[in-house]
Amino acid sequence: KQEVTQIPAALSVPEGENLVLNCSFTDSAIYNLQWFRQDPGKGLTSLLLIQSSQREQTSGRLNASLDKSSGRSTLYIAASQPGDSATYLCAVFRPGSWGKLQFGAGTQVVVTP
Amino acid sequence: DGGITQSPKYLFRKEGQNVTLSCEQNLNHDAMYWYRQDPGQGLRLIYYSQIVNDFQKGDIAEGYSVSREKKESFPLTVTSAQKNPTAFYLCASSIKEPTEAFFGQGTRLTVV
Chain H
1 KQEVTQIPAA
11 LSVPEGENLV
21 LNCSFTDSAI
31 YNLQWFRQDP
41 GKGLTSLLLI
51 QSSQREQTSG
61 RLNASLDKSS
71 GRSTLYIAAS
81 QPGDSATYLC
91 AVFRPGSWGK
101 LQFGAGTQVV
111 VTP
Chain R
1 DGGITQSPKY
11 LFRKEGQNVT
21 LSCEQNLNHD
31 AMYWYRQDPG
41 QGLRLIYYSQ
51 IVNDFQKGDI
61 AEGYSVSREK
71 KESFPLTVTS
81 AQKNPTAFYL
91 CASSIKEPTE
101 AFFGQGTRLT
111 VV
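Protein chains in written order, with the working numbering: chain H, 1 to 113; chain R, 1 to 112.
Possibly wrong hints are sitting among the right ones.
Taking beta-carbon pairs under 10 Å as the criterion, some of the chain H residues facing chain R (in silico) [claimed, not checked]:
#1 42
#2 74
#3 105
The calculated lysine-lysine pairs, modelled on DSSO-like cross-linking and capped at a C-alpha distance of 30 Å, are [as the list claims (entries may be wrong)]:
#4 68(H) x 14(R)
#5 1(H) x 57(R)
#6 42(H) x 14(R)
#7 42(H) x 57(R)
#8 42(H) x 9(R)
#9 1(H) x 83(R)
#10 1(H) x 14(R)
#11 70(R) x 42(H)
#12 42(H) x 1(H)
#13 83(R) x 42(H)
#14 70(R) x 57(R)
#15 9(R) x 71(R)
To be clear, the hints were calculated from the coordinates, so they are not data collected in a lab. Ideal Cβ positions, reconstructed from N, Cα and C, are used throughout, including at glycine.
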């Protein structure tokens, strides 16, 4: 069974520092990987989707890398801002899973002014 | 605007009562999903549907039921058989070839 782990569970950084969030998965046979942001009491907002044939995706200050062989993905957020405070979740699609996502428990991020 | 609408935002259930959570999407997606989120845990799949009039159990289907009579709608009923229903419920959808999943804003269910 696929296991998805996010470390650390919580992270606090001062404004302006770069954020590095880690996601690991046990089965490298994934279809793709998606990073989400969740604000308290809200739904999930899709940040980046990395297809299995890709090694990274970028959107503005966000960059996500994917290394299937080692079972890892990393989300980088450059020059963090207080508005980046949220919980960040990664999820993987597995072949044959027909869109069913396997989620990590998330990393709660606090960016202090 | 295209998206997924969940209602209500907050729902309170008395012991022994069935309640239904609504999920509607106008993205023309074939697949729809229900997830449950508990504090400190990842999302867990309750039910999913790939096509109208068809649905499958996820990892924690006991005490829940769904229907898929229309492509755009996938309501979830939390029955009295669900012993610990207090949680945050999220609905999602994706196209038939699984790429990106999109989520609604969630319904918080509380047992009173």
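Verification of the supplied hints:
no., hint, in the structure
1, 42, "6 Å, holds"
2, 74, "18 Å, violated"
3, 105, "5 Å, holds"
4, 68(H) x 14(R), "46 Å, violated"
5, 1(H) x 57(R), "16 Å, holds"
6, 42(H) x 14(R), "24 Å, holds"
7, 42(H) x 57(R), "25 Å, holds"
8, 42(H) x 9(R), "10 Å, holds"
9, 1(H) x 83(R), "26 Å, holds"
10, 1(H) x 14(R), "36 Å, violated"
11, 70(R) x 42(H), "26 Å, holds"
12, 42(H) x 1(H), "28 Å, holds"
13, 83(R) x 42(H), "24 Å, holds"
14, 70(R) x 57(R), "18 Å, holds"
15, 9(R) x 71(R), "22 Å, holds"
In this structure, the hints that do not hold are numbers 2, 4 and 10, in rising order.
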